[in-house]
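Chains as they are written, first to last, in the UniProt record's numbering: chain A, 1 to 499; chain B, 1 to 379.
Don't take every hint at face value.
To be verified - Derived DSS-like pairs (lysine-lysine); straight-line CA-CA distance at most 27 Å: (1) A:Lys209 <-> A:Lys313; (2) A:Lys378 <-> A:Lys313; (3) B:Lys310 <-> B:Lys296; (4) B:Lys296 <-> A:Lys357; (5) B:Lys296 <-> A:Lys403; (6) B:Lys296 <-> A:Lys278; (7) B:Lys138 <-> A:Lys274; (8) A:Lys479 <-> A:Lys357; (9) A:Lys479 <-> A:Lys338; (10) A:Lys479 <-> A:Lys278; (11) A:Lys452 <-> A:Lys307; (12) B:Lys328 <-> B:Lys165; (13) B:Lys296 <-> A:Lys378; (14) A:Lys45 <-> B:Lys296; (15) A:Lys357 <-> A:Lys338; (16) A:Lys5 <-> B:Lys328.
What the hints assert, rightly or not - Label-pair distances were calculated between CB atoms; the ranges are: (17) B:Ser40 <-> A:Lys378: 48 to 54 Å; (18) A:Thr295 <-> B:Ser40: 50 to 56 Å; (19) B:Arg327 <-> A:Gln60: 43 to 49 Å; (20) A:Asp320 <-> B:Arg327: 47 to 53 Å; (21) A:Ser348 <-> B:Gly186: 31 to 37 Å; (22) A:Pro406 <-> B:Asp316: 28 to 34 Å; (23) A:Lys209 <-> B:Phe374: 48 to 54 Å; (24) A:Leu214 <-> B:Gly186: 57 to 63 Å; (25) B:Arg219 <-> A:Val424: 55 to 61 Å; (26) A:Gln60 <-> B:Glu324: 41 to 47 Å; (27) A:Asp213 <-> B:Arg219: 58 to 64 Å; (28) B:Gly159 <-> A:Lys378: 54 to 60 Å; (29) A:Gln60 <-> B:Gly126: 25 to 31 Å.
Honestly, the hints are just simulated from the structure, not real lab data. All C-beta atoms, glycine included, are put in the ideal place defined by N, C-alpha and C.
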Amino acid sequence: MSRIKEFTLPDLGEGLTEGEILTWLVKVGDTIELNQPIVEVETAKAAVEIPAKWGGVVTQIFHEAGTTVEVGAPIISIDTDPGAGPVPSAESLAAVEVAPEEGSVEPGMIGGPAPGGRTAVLVGYGPKTAIAKRRPRIGTGTPPPTAAPATPPPAAAPAPVAQPTRASSPPPVVQPAAVARPAPVAPPQPAVTPARIAGPVLAKPPVRKLARDLGIDLTTIAGTGPLGSITRDDVQQAAAAPAPAETTEAAPAVAPAPAAAVFDASREQRIPIKGVRKLTAENMVASAFTAPHVTEFLTVDVTRTMKSLERIKTRPEFRDVRVSPLLFVAKAVLLAAKRHPMVNSTWSAESNEIIVKDYVNLGIAAATQRGLIVPNIKDAGRLTLRELADALSTLVQTAKSGKTPPSDMSGGTFSITNVGVFGVDSGTPILPPGEAAILAFGAIRPTPWVHKGKIKVRQVTTLALSFDHRIVDGELGSKFLRDIGGFLEDPEAALLSWT
Amino acid sequence: MANGDSPVGADAPAGGFVQLLTPDGERIDSVTTADGITYSVDFTDDEYRELYKDLVTVRRLDAEATALQRQGELGIWASLLGQEAAQVGSGRALRPQDMAFPTYREHGVLYTRGIDPIMPFGLFRGVDQGGWDANKYKFNGYTIVIGSQTLHATGYAMGVTMDGKTGSPDGEAVIAYFGDGATSQGEVNEAFVWAGVFHAPMVFFCQNNQYAISEPLERQTRIPLYRRAAGFGFPGVRIDGNDVLATFAVTRAALDQARNGQGPTLIEAYTYRMGAHTSSDDPTRYRIASEVESWKAKDPISRLKAFLSKQQLGDDTFFGEVDESARKLALDLRERVLAMPDPQPVTMFDHVYPNGSPELDAQRAQFAAYEASFEGSNH
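Only chain A is shown next, with the shape it has when bound in the complex:
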């Protein structure tokens, strides 16, 4: 009685032949329960978690993450009764099947041959690969059918079949000697390649595909199959020949293609569109082609903001938190949004309403290893400057570590994208779906600037505000952007006059 049970990769979705192991959720030695998720597998149809079929202890994992595994190959073995002491290893190891290697893709076969000679198919399970095992017939002296595999049952051969009936008949089937046959058997014909019958080239569709894949012109080769048809072997031989086969008949020679600069696939990388990339693409397309975007720019002198930042850093309240210009930009946005609430709203085509929010869930675009995500700080307007600094710091760190929960990414009402960190001056940001405005904040550079009537070197940055023109008109957008700029030019004065 085997205690070690092997779990083989099942067909997870109606006729699949393989799956890629994405992640193992358990390791050798782990104790697992029935139905505990053990592995994530991605098939052509879905990425799914597979639950354990038995509880016990993991004794072996057969394929690392990243491996593509055939359906039916063992992927994990589990000791279902670990309390019963050590397992007689020879016995259990002998039972371990080695998963067959996947064959390389042969031209002309969709997906290449599967192990065991099975042909991969698009639908259904495909031809059966196992050799059919018939149970022997009961009793009687009938010899086992394997003795003469090609022998038809005697009753089914009432007349000699070797009589030629048509001039063009193929060589007759050589009958096994076991069948006594009064009619003279025609002598085997010499192995002369039959001349091709005039007319269209005869070849089965898979052979035609093979020829196309290998670049062989079927009219240039002679067929050796029935009625002069071209077989798979004929095509492969023609492909193996160093020079093109001599042109027969009047087939027009194919003009060699001009030597164009063709780059083959080895110099291209193909990245599946999925995950964050796909979601970003969908959101951006949905937004760009739904909300009419307008972008306005404002270049501002932020020297005073930078000085304020330096002073704030020295205050005990801000001792152990990262304070960056983004903090002031965020504060400017929050205060300006309070003065112009319409920028913090949603166009709801479904309910035919504009939903104006008195809370700001402030989204901050973050570049992460997984791609762009925009987590938001909930009700950021209620936070003190110190709390806002903490929230920004936490948000960025969580995003960088890839642990942002979905709830942090939903419900945003206004977003800031800090393109300045990449060293560029500005851009025209695309609105996150459901938001009416987004601010891009560029690099802060020492720039010659007219200050109090003289040219001075000042700290200058460019702000770009994109807004949804269905909700926000140029006047409102300009006032809002002007307010943000005003705050950054002189934070103290703005704070004193606005709050």
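Chain A is fixed; fit chain B onto it per the hints.
Chain B in isolation, oriented as in the chain A frame:
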């Protein structure tokens, strides 16, 4: 026409729906729609607890089936996750004499009819054709072809009228289940026409789970689905399909209307498929995570649990017992599914004609003899 004009919470779609239990587990005593129908339920403490047990059990059995598919023991599985209230509420609203026409996802309705939950597993495991005695269980076969069962149900309901079994409180009624995607099918619209014109004693129960596989609702309709009924000349009403109480109340009322000879009703149960369309589908390719998250807050089971807790109808001991009993049922189901025998080749003759035929019987005998001629044969 009724439209679920109810005191709705923030979670109701535009146009509202009938809701008797909010996502937070607050009970709404009764709801009166625009055309004056008042919906309410009057359950005993035990009945509330039984509903909770039903919901937990059908979810647990469904989870086991999903696991069995992932383990290679079922060819495919259509999960009901998220739609438990719509199924249990409507299933419990049926009276014993009523006939149900399910899709392939109505495992919860099947359970409430008192049927052994293993019955459809032969179909999903591929060891039988999913045929059972529909009259015995008052539960027609699972229908794979989208929407076709609505016509079967309509024909059946017209037959009920012809048999003179309507027009009294003991009359019969018929319920046809289908999804939002099916409303785009010709059959469903034909069924609406026939049922409307012939006043068929039936309820069209549409579980609007927001997706026809990957197609969102806005690709099926430009008006709320329940309003379609108006064009066919019978009432339509939308319910919170995640609220088992509203589902029960409205379905029971509509079925009673039907059995009393008042004709058909369309019920749109507004709900959400939390899982995949079937085990062959990957919903993350067409739904965003935040949408799924927002529906988690409307879970049909947690709201009833919150209600039971607040009303002191259930404590941790009770909830633990329900979970444990569901777990045992699920493990029993697993064992019995794994033990299902492969079909014998000779059974292919069984369902060709109801009473056989001389030619078929001869073929069967011949084939049986041939099969028996091999060693190890158990014929």
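Verification of the hints:
1. Taken as a hint, the Lys209 of chain A and Lys313 of chain A pair is broken in the structure, with Cα atoms around 71 Å apart against an allowance of 27 Å.
2. Restraint check for Lys378 of chain A and Lys313 of chain A: the C-alpha separation of about 25 Å stays at or below 27 Å, so the hint holds.
3. For the given pair, Lys310 of chain B sits about 20 Å from Lys296 of chain B by alpha-carbon distance, which is consistent with the 27 Å threshold.
4. Pair hint Lys296 of chain B plus Lys357 of chain A holds up; C-alpha atoms about 24 Å apart against a cutoff of 27 Å.
5. Among the hinted pairs, Lys296 of chain B with Lys403 of chain A is consistent with the structure: their alpha-carbon atoms are about 20 Å apart, no more than 27 Å.
6. With a C-alpha separation of about 23 Å, the suggested pair Lys296 of chain B and Lys278 of chain A falls inside the 27 Å cut-off, and the hint holds.
7. For the given pair, Lys138 of chain B sits about 45 Å from Lys274 of chain A by alpha-carbon distance, which is inconsistent with the 27 Å threshold.
8. Restraint check for Lys479 of chain A and Lys357 of chain A: satisfied, since their Cα atoms lie roughly 19 Å apart, inside the 27 Å limit.
9. Between Lys479 of chain A and Lys338 of chain A the alpha-carbon distance is near 12 Å, which keeps this suggested pair within the 27 Å criterion.
10. Using a Cα cut-off of 27 Å, the hinted pair Lys479 of chain A and Lys278 of chain A is violated, with the two alpha carbons roughly 35 Å apart.
11. Taken as a hint, the Lys452 of chain A and Lys307 of chain A pair is honoured in the structure, with Cα atoms around 18 Å apart against an allowance of 27 Å.
12. Taking the CA atoms of Lys328 of chain B and Lys165 of chain B, the gap is near 40 Å; set against the 27 Å cutoff, the hint is violated.
13. Proposed proximity of Lys296 of chain B and Lys378 of chain A is supported: the alpha carbons are some 19 Å apart, at most 27 Å.
14. Proximity of Lys45 of chain A to Lys296 of chain B is assessed by CA-CA distance (about 25 Å); at most 27 Å being required, the pair is judged to hold.
15. A hinted pair counts as satisfied when its Cα atoms are at most 27 Å apart, and Lys357 of chain A with Lys338 of chain A qualifies at roughly 10 Å.
16. A threshold of 27 Å between alpha carbons decides the hint, and for Lys5 of chain A with Lys328 of chain B the separation of about 23 Å falls inside it, so the pair holds.
17. Range check, Ser40 of chain B to Lys378 of chain A: Cβ separation about 38 Å, and the 48 to 54 Å hint is violated.
18. In this structure the supplied range 50 to 56 Å holds for Thr295 of chain A paired with Ser40 of chain B, their Cβ-Cβ distance being about 55 Å.
19. About 29 Å separates the C-beta atoms of Arg327 of chain B and Gln60 of chain A, a value inconsistent with the hinted range of 43 to 49 Å.
20. Taking 47 to 53 Å as the suggested C-beta distance range, the pair Asp320 of chain A and Arg327 of chain B conforms, at roughly 49 Å.
21. The hinted window of 31 to 37 Å between Ser348 of chain A and Gly186 of chain B holds, with their beta carbons roughly 33 Å apart.
22. A hinted range of 28 to 34 Å holds for the C-beta pair Pro406 of chain A and Asp316 of chain B, which are about 29 Å apart.
23. A C-beta distance of roughly 41 Å is found between Lys209 of chain A and Phe374 of chain B, which places it outside the suggested range of 48 to 54 Å.
24. A beta carbon spacing of about 48 Å between Leu214 of chain A and Gly186 of chain B contradicts the range 57 to 63 Å that was offered as a hint.
25. Our hint of 55 to 61 Å for Arg219 of chain B and Val424 of chain A is violated, since their Cβ atoms are close to 39 Å apart.
26. For Gln60 of chain A and Glu324 of chain B, the hinted distance range of 41 to 47 Å is not satisfied, since their beta carbons lie about 33 Å from each other.
27. For the pair Asp213 of chain A and Arg219 of chain B, the beta carbons lie near 39 Å from each other, so the given range of 58 to 64 Å is not met.
28. For the hinted restraint 54 to 60 Å between Gly159 of chain B and Lys378 of chain A, the CB-CB distance of approximately 58 Å keeps it satisfied.
29. A beta carbon spacing of about 30 Å between Gln60 of chain A and Gly126 of chain B agrees with the range 25 to 31 Å that was offered as a hint.
Hint check: violations occur at hints 1, 7, 10, 12, 17, 19, 23, 24, 25, 26 and 27; the rest are consistent with the structure.
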